[in-house]
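Asker: Chain by chain, the residues:
Protein chains: 2
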Amino acid sequence: MKKIINKPEDYTKDFVEGLIKAHSDKYQLLDDDFRMLIRKENPKTDKVGIVTAGGSGHLPLFLGYVGDKMLDGCAIGNVFASPSSSKMEKLIRECDYGKGVLCLYGNYGGDNMNFDMATEMTDFDDIKTLKIAVKDDIASAPIDKKDQRRGVAGIVYAYKIAGAAADKGYDLDKVSMITKEALENIRTIGVALSPCVVPEAGKATFEIKDDEIEIGMGIHGEAGIEVKKMMTADKLAEQLTDKLLEEIELKENDELSVMINGLGATPLDEMYIVYNRLYDLLKDKKVNIIQPHIGNFATSMEMAGLSITFFKLNDELKQLLTEVSSTPFYTNFNK
Amino acid sequence: MKKIINKPEDYTKDFVEGLIKAHSDKYQLLDDDFRMLIRKENPKTDKVGIVTAGGSGHLPLFLGYVGDKMLDGCAIGNVFASPSSSKMEKLIRECDYGKGVLCLYGNYGGDNMNFDMATEMTDFDDIKTLKIAVKDDIASAPIDKKDQRRGVAGIVYAYKIAGAAADKGYDLDKVSMITKEALENIRTIGVALSPCVVPEAGKATFEIKDDEIEIGMGIHGEAGIEVKKMMTADKLAEQLTDKLLEEIELKENDELSVMINGLGATPLDEMYIVYNRLYDLLKDKKVNIIQPHIGNFATSMEMAGLSITFFKLNDELKQLLTEVSSTPFYTNFNK
Chain B
1 MKKIINKPED
11 YTKDFVEGLI
21 KAHSDKYQLL
31 DDDFRMLIRK
41 ENPKTDKVGI
51 VTAGGSGHLP
61 LFLGYVGDKM
71 LDGCAIGNVF
81 ASPSSSKMEK
91 LIRECDYGKG
101 VLCLYGNYGG
111 DNMNFDMATE
121 MTDFDDIKTL
131 KIAVKDDIAS
141 APIDKKDQRR
151 GVAGIVYAYK
161 IAGAAADKGY
171 DLDKVSMITK
181 EALENIRTIG
191 VALSPCVVPE
201 AGKATFEIKD
211 DEIEIGMGIH
221 GEAGIEVKKM
231 MTADKLAEQL
241 TDKLLEEIEL
251 KENDELSVMI
261 NGLGATPLDE
271 MYIVYNRLYD
281 LLKDKKVNII
291 QPHIGNFATS
301 MEMAGLSITF
311 FKLNDELKQL
321 LTEVSSTPFY
331 TNFNK
Chain F
1 MKKIINKPED
11 YTKDFVEGLI
21 KAHSDKYQLL
31 DDDFRMLIRK
41 ENPKTDKVGI
51 VTAGGSGHLP
61 LFLGYVGDKM
71 LDGCAIGNVF
81 ASPSSSKMEK
91 LIRECDYGKG
101 VLCLYGNYGG
111 DNMNFDMATE
121 MTDFDDIKTL
131 KIAVKDDIAS
141 APIDKKDQRR
151 GVAGIVYAYK
161 IAGAAADKGY
171 DLDKVSMITK
181 EALENIRTIG
191 VALSPCVVPE
201 AGKATFEIKD
211 DEIEIGMGIH
221 GEAGIEVKKM
231 MTADKLAEQL
241 TDKLLEEIEL
251 KENDELSVMI
261 NGLGATPLDE
271 MYIVYNRLYD
281 LLKDKKVNII
291 QPHIGNFATS
301 MEMAGLSITF
311 FKLNDELKQL
321 LTEVSSTPFY
331 TNFNK
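Protein sequences appear in the order of chains B and F. Residues 1 to 335 in the numbering used here are what the first sequence lists, from first letter to last. Residues 1 to 335 in the numbering used here are what the second sequence lists, from first letter to last.
A few of these clues could be false.
For chains that are exact copies, the list does not tell them apart, and a pair is met inside one copy or across any two.
With a cut-off of at most 25 Å between alpha-carbon atoms, the simulated DSS-like pairs for lysine-lysine come out as follows [said to hold, decoys possible]: (1) K131 x K145; (2) K40 x K13; (3) K318 x K40; (4) K335 x K168; (5) K2 x K203.
The set of hints was computed from the structure by calculation and includes no laboratory data.
Kindly generate the complete structure, drawing on both the sequences and the hints.
Answerer: Put into structure tokens, the structure is as follows:
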């Protein structure tokens with residue numbers, strides 16, 4: 001196993017400690033616990049708190065989106081494992097500034113269950129919470145079972161919208177409503193070329209043949225919808241776009257943000273090669289692309305591959321998307 | 001070969017076109033030629049122009065540093081190949097706003113030769129130019145032959161300093177002098193874990209055994225200084241730091257910026273695990289770290305590994321480093 005790590009069991013602790021040391025002006029741990037990260041300058045203003053949680057192994061997801069006009073706090077588990085409900089509960093209490101807390105996370109069993117338990121506990125103290133489980137991965141279940149779908153890179157757009165809406169001082173119901181509206185218009189599909197290595201397991205999570213790729217593979221190596229022979233970047237862009245267009249209807253002059261998200265080991269060059277074709281496909285439809293996001297936003301450590309996310313905008317969502325947000329790992333300041 | 005590309009010979013054209021489509025508000029091609037990229041809003045102000053050039057395969061290097069308070073233009077060759085002198089010449093002419101042009105590039109044979117030829121041509125028209133070849137890679141030649149060293153990730157710091165100095169309206173001599181002073185205080189060393197694949201070759205550039213790493217390997221797969229057994233992240237941080245400290249002398253209260261640069265396929269988590277140890281080593285020396293840069297700044301496509309760069313600061317260099325610069329691929333706005 002060729003990973004630049006120390007003891008596999010210290011993986012999460014080691015990288016979170018490094019992250020706090022690098023960004024001590026922006027981040028701090030809650031209760032000195034590396035599993036709970038909050039903003040250094042706690043807003044404590046009249047705003048809704050936005051929190052998330054999830055397993056490690058996806059940087060910049062999840063911790064990296066804690067920051068100005070994005071998240072207020074994040075609980076982090078071991079690689080691909082949910083943090084405990086007690087960490088989530090503490091985080092919710094900390095990030096309630098009086099207007100309640102939106103819990104925004106990927107639709108995975110552990111995260112769902114633990115946020116349910118956490119909010120049951122905070123309910124006792126009349127902390128108002130709402131929960132949204134992100135389900136943007138169209139490959140993870142058919143449309144008639146879309147409530148079972150997993151959350152992937154589209155969650156970054158959801159953080160962006162929720163954070164910007166909360167910053168405007170909207171109440172919890174409105175922040176939640178806008179975020180749900182955004183998610184109705186967000187869909188993702190991915191493709192994997194090579195596996196990742198979970199530190200404690202020490203070996204590849206799955207196998208893909210040298211000349212094959214897996215369409216729809218999940219960010220933890222969950223099985224995809226089809227294995228295909230390796231194809232050109234243009235063909236891949238076309239096939240993934242076709243699948244997204246089945247669920248995101250686009251007409252002339254529609255505005256769309258697109259994310260091309262690297263899964264970890266895919267060169268930025270390849271993401272731009274895919275974007276080159278994607279842009280032409282959308283231009284043919286006379287769709288206007290707003291603030292494309294191209295880079296590593298939600299990874300699986302050293303997995304090679306990428307995902308494409310479509311986010312169809314209306315005026316309000318566009319305004320919230322383009323509002324400048326800033327964390328040590330994300331900003332649209334220069335886009 | 002599992003790369004998300006079209007025809008290997010179209011690699012550079014395809015990704016540059018994608019890049020222009022994604023960032024058309026910031027970038028434009030010169031003469032509609034994908035080998036020459038300049039800022040959309042040409043400064044045309046009373047400032048020194050800063051240009052660079054180099055081969056493809058290193059994104060965000062080189063094109064990605066064209067932007068506000070960084071580079072004014074970049075000529076780009078095929079993967080790992082220098083662009084021609086005629087492209088460099090056109091670029092220099094375009095980026096001369098009346099105060100001359102600084103050519104700032106890595107110390108490689110083709111780039112040196114072509115910038116020499118390009119500036120000979122622009123000399124005829126009395127365009128004032130100065131050239132600086134960056135030589136920050138301490139593993140590429142011993143200290144008594146440091147003029148033969150190659151340029152690697154430290155060039156990003158050089159762009160940052162030169163761009164910020166030019167933006168202050170300093171004349172060409174002063175911009176060059178400050179950039180050279182910065183480079184006197186910048187040193188890099190890298191380690192590779194796995195090779196990259198040059199598209200036109202279609203196979204790995206070199207081999208490293210499953211349990212080995214190569215200290216000092218270049219970003220094109222140039223041989224390093226020693227092959228070692230895989231070691232922990234802490235040990236690796238210690239050994240690379242020891243080598244850097246042989247050339248960058250540090251004492252109590254010195255200010256240092258450090259860059260941990262991923263070579264392409266290395267997870268961000270691992271870079272932070274290395275930083276976690278590096279921070280402690282420097283804290284033990286009572287050195288203050290200013291604006292650490294952690295991420296992919298100068299890559300070799302899908303090569304796994306990382307480099308560490310030390311940049312020792314004085315008051316002027318610190319001021320220029322922390323000045324907010326912005327390109328679609330880089331900003332220190334949120335650091």
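Asker: Now tell me if each hint is right for this structure.
Answerer: We went through each hint and held it up to the structure:
In this assembly of identical chains, the alpha carbons of K131 and K145 lie at most 25 Å apart only when taken from the same copy (20 Å versus 62 Å across copies). In this homomeric assembly, K40 and K13 come within 25 Å of each other (Cα to Cα) only inside a single copy, at 19 Å, whereas the closest approach across copies is 43 Å. Taking the shortest Cα distances, K318 and K40 sit within 25 Å of each other only across copies (23 Å), while inside one copy they are farther apart (28 Å). When the C-alpha separation of K335 and K168 is checked against a cutoff of 25 Å, the pair qualifies both within a copy, at 21 Å, and between copies, at 24 Å.
In this assembly of identical chains, K2 and K203 lie within 25 Å of each other by CA distance both inside one copy and across copies; the values are 10 Å within and 20 Å between.
Every hint from the earlier list agrees with this structure, and none is contradicted.
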